[in-house]
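Enquirer: Here is what each chain is made of, one letter per residue.
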Amino acid sequence: MEPFIVRYRNLLVLLILLVAQIVGLAVQVRRTDSGRNLVDLQDGPGVRLIRLWAEAVVSPPERLVHGMKLGTVSLWQDYLDLRHVREQNQDLQKTIDRLRLEQASLLEDAQQGQRLQALLSFQEKYVYKTVAAQAIGSSGSDQSRVLYLDKGKDSGLEPDMAVITGDGIVGKVREVYPHTAQVLMINDQTSGAGVILETTRIRGILRGNGVGQLQIVGILADQRIQPGEKVLTAGGDQIFPRGLPVGVVEKVVRDPERDSFIDVMVKPAGHLDRLDEVLVITSMQPRFSPEEQQDMAASEALKGPEVEQAKAQKKAAEIMAERLPALTDPNLPPDEQPLHETAPPTIMAHPPQAIHPDRFTPGNAPTPEGLTEQPPAAGKPEVVSKPGQTLAPAPGTPKAKGPAKPGEPPRRNP
Amino acid sequence: MPVLASSMRRDMEIRRYPVLVYTLVPLGSLVLQAWLPRLLPGHVWFDLPLVVTVYFALNRRSPVQGTLLGGCMGLFEDALTHHAIGVNGIAKTISGFLAASVGIRIDVENHTIRVALNFLLSLLCSGVYLFIYRFLLGLDLDWSWFAELFKAVGNSVIALVLFPLLDKTQIRD
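Just so you know, the sequences run in chain order A and S. When we follow the numbering used here, the leftmost residue of the first sequence carries the number 1, and every step to the right adds one. When we follow the numbering used here, the leftmost residue of the second sequence carries the number 1, and every step to the right adds one.
Everything labelled a hint here was simulated from the structure, so no lab data went into it. Since the model is a prediction, treat every value here as computed from it, not as a measurement. Treat the hints loosely; a few may be bogus.
What the hints assert, rightly or not - Once the Cα atoms are required to be at most 20 Å apart in a straight line, the calculated SDA-like pairs of lysine to any residue come out as:
id, chain 1, residue 1, chain 2, residue 2
1, A, Lys69, S, Leu40
2, A, Lys267, A, Arg224
3, A, Lys129, A, Gln294
4, A, Lys69, S, Pro41
5, A, Lys267, S, Leu27
6, A, Lys267, S, His43
7, A, Lys69, S, Arg105
8, A, Lys69, S, Tyr17
9, A, Lys153, A, Gln42
10, A, Lys69, S, Asp167
11, A, Lys69, S, Leu32
12, A, Lys69, S, Leu36
13, A, Lys153, A, Ala135
Just chain A, with the same shape it has in the complex:
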């Protein structure tokens, strides 16, 4: 008779393996206060070690295969398929020139917006520093939509950093390994991001469904939500900066579980299933990056004399406005300025009587005729102004900055 272990060896091995894995699963899942089961967001040391091993085994061949693919594509695109490249170059150069000008003006607007926000004590975080990374792999499963990047802790990546492309958001960094990182994509069932509809300003939570579509859940039925409306990040989740494109509304469907709620299906702005290069936002600061500051300085230099002339004109106008305080009131909006008043002007009171009247006292000023025809008084030298010669100012009057030019309005003392 065969021993029990030998006879049932196959079944025993199966049983041991199954029990070990079930126990391992039980360790990873916990029950919340609300009675729901959840997988721990942070892996335990043992689980993390297994993931690290798997990543260490799979990642190098993935890099190799990915590198071979890039090499083949590069060989084809850079050396073999070069038709119409010259025309494309010219078109692109024109586009770059146009975009530079547009960017410069937009940066100035943004800078002005920042100043206004600073005045309002409102801190808006701007994307300050990003790290470009290549997507080298995935989980290989529809149930887990994750990406593997070729950059990790050694490049400054950390968990919960936002991952984006030029088109829109992609996901967030979930796990960071020494040379790679795992990114949880926004169309996974367990992901979540705060979003806002651009026109209607309705907020919701974006998540993925079983087939990898994006949907905004938990929104009360609203007739204003129409297909085509843009969806942006709301910025409240502390991961994605506010205002990044997410996608556009594709359709609105009724929530199958709650009658008064709807699910908004969203078409992603980025090609989530064809990602090659992504950007990881490693730092968000309330100021411009050095590159943007350089761009702004370059645009200022490009504009050169025109900007200086405009600034000088603006300065002169401001000086004039300061010297004419009665005409404008900086504390009032334009339509409420004194010049725009519709009420009859008030009659000014007579100035007080001077204690020691002189020739400048109102009413005592000599007429021009009197000045030309009256001979000089005895004992007083005649003062004759010559071209290029300035007269000494009267005591108590501000010093004049220069001779008046033809056509310039007469200066008035403030």
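Since the structure of chain A is provided, determine the placement of chain S on it from the hints.
Expert: Chain S in isolation, oriented as in the chain A frame:
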């Protein structure tokens, strides 16, 4: 005596492979499973580690080896996801055990049987995965049986091409 005869017949039919094939093919299947979905957008309509598990379990005809191989492949797949480790492990452990157990009793040279077995084991693997996730762990999961059916068909097609290629690598006495 009949047991000995049966054992001898079984031993003669066990296929052997070079160590490189036995290590590189499972590893290659894991790498390709993680890499190919990026090239082929849309649904992941294949499960290469399962196909390789079924192949080696069928041809080695050892339930222990099939169980261990399936368990390792499943755990590796789980480790690459962000889900709990062990769901795929259990599903593929059972698949490997069943494939090896069936392989002892059927003619593994028949392509139709191989493809049919792949199809059935793929659906079984999906069913076990769903059972563990929803009922054993009590977690929420959106599920599409249509996608799983599509995956089972994909696995069968891959098996139809891959199995004859791998047959050529076996060591013949």
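Enquirer: Hint by hint, say whether it matches the structure.
Expert: Structure-based check of each hint:
no. : hint                : in the structure
1   : A:Lys69 x S:Leu40   : holds (14 Å)
2   : A:Lys267 x A:Arg224 : holds (18 Å)
3   : A:Lys129 x A:Gln294 : holds (15 Å)
4   : A:Lys69 x S:Pro41   : holds (16 Å)
5   : A:Lys267 x S:Leu27  : violated (35 Å)
6   : A:Lys267 x S:His43  : holds (16 Å)
7   : A:Lys69 x S:Arg105  : violated (43 Å)
8   : A:Lys69 x S:Tyr17   : violated (29 Å)
9   : A:Lys153 x A:Gln42  : holds (17 Å)
10  : A:Lys69 x S:Asp167  : violated (28 Å)
11  : A:Lys69 x S:Leu32   : holds (13 Å)
12  : A:Lys69 x S:Leu36   : holds (11 Å)
13  : A:Lys153 x A:Ala135 : holds (16 Å)
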